[in-house]
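Undergrad: Residue numbers (our numbering), protein chains in the order written: chain F, 213 to 360; chain W, 213 to 360.
Do not take every clue at face value.
Treat identical chains as interchangeable: a pair holds within one or across any two.
To be verified - As a list, the in silico DMTMM-like pairs of lysine to aspartate or glutamate whose alpha-carbon atoms are at most 25 Å apart: (1) LYS232 to GLU332; (2) LYS232 to ASP328; (3) LYS288 to ASP215; (4) LYS288 to ASP260.
In short, the hints are calculated from the structure, not lab data.
There are 2 protein chains.
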Amino acid sequence: MTDCLFCAGDGGRVVARTQKLRIVHADEAGFPAFYRVIWNAHQPEFTDLPAADRALAMDAVAQVERALRQQLAPTKVNLASLGNMTPHLHWHVIARFAWDSHWPGPVWAAAQRPRDPVREAGVQQRLEAIEAELAREIGAARAAVMPK
Amino acid sequence: MTDCLFCAGDGGRVVARTQKLRIVHADEAGFPAFYRVIWNAHQPEFTDLPAADRALAMDAVAQVERALRQQLAPTKVNLASLGNMTPHLHWHVIARFAWDSHWPGPVWAAAQRPRDPVREAGVQQRLEAIEAELAREIGAARAAVMPK
Chain F
213 MTDCLFCAGD GGRVVARTQK LRIVHADEAG FPAFYRVIWN AHQPEFTDLP AADRALAMDA
273 VAQVERALRQ QLAPTKVNLA SLGNMTPHLH WHVIARFAWD SHWPGPVWAA AQRPRDPVRE
333 AGVQQRLEAI EAELAREIGA ARAAVMPK
Chain W
213 MTDCLFCAGD GGRVVARTQK LRIVHADEAG FPAFYRVIWN AHQPEFTDLP AADRALAMDA
273 VAQVERALRQ QLAPTKVNLA SLGNMTPHLH WHVIARFAWD SHWPGPVWAA AQRPRDPVRE
333 AGVQQRLEAI EAELAREIGA ARAAVMPK
């Protein structure tokens, strides 16, 4: 599956990794706290996983959501598994704020206002704490030593 | 919470209902197989639920996805829990097709082509089978006898 983005590479900066999944920080303009839980094996749909693996995936999603809430107290957390462009199971976990450019629309809809670089920088400063928590809870980031 | 859409009403045509959640068909133009799993109690975030309830919610999401796949063989299933407008936990479960107006974008992004009423009608014809399966698997629809 070398034509699959999430088979060919990590899909973002790896924050934590287990045998079955990895958590990456996604570099999405305007949304500084945008993470993905990516299933390591190439499976397109949630129900392609057996129940125990679905539970593992959603536990990881919940861990990311919990870390975002604890560190950022976002207005809302958005969760989504779409995969239309990259049909390899992954969950978007995104901290949303009433000041962000797309609020209250989804991040995929049209912008509603300009970005707020100062507030975005405030969120950026908390990412280290979020990621330390996730690495501790879920698995040490080993991006540097794992083959891409 | 009378100002909450999903506390004030069902949020769609009820297909199945349990003590903890309900599955509704959403009337979303262009997406005939658009369902929602709505948690009955007013909780904004996924991690506001204890682990056992999160598992119940995701089992229901998986049941809907499975029924959509069996009956429609969609190009992709899209799952999302956003709640920016209605912060009452619900999951969108949407059958997506390469011919639909927004493919491969999310349903919340801009349309990419005109709708295809003939193919949409073909999907519509399968909803009864989908919903019979969900009612059987998850719980009989009792919209008529339950208070709104």
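Undergrad: Determine for every hint whether it applies to the structure shown.
TA: Evaluation of the provided hints:
For the homomeric pair LYS232 and GLU332, neither the shortest alpha-carbon distance inside one copy (31 Å) nor that between copies (37 Å) is at most 25 Å. Within a single copy, LYS232 and ASP328 get their C-alpha atoms no closer than 36 Å, and across copies no closer than 39 Å, so neither meets the 25 Å cut-off. When the C-alpha separation of LYS288 and ASP215 is checked against a cutoff of 25 Å, the pair qualifies only between copies, where the shortest distance is 18 Å, while the shortest distance within a copy is 34 Å. Taking identical chains as interchangeable, the C-alpha atoms of LYS288 and ASP260 lie at most 25 Å apart only when they sit on different chains, with a minimum of 12 Å there against 28 Å within one chain.
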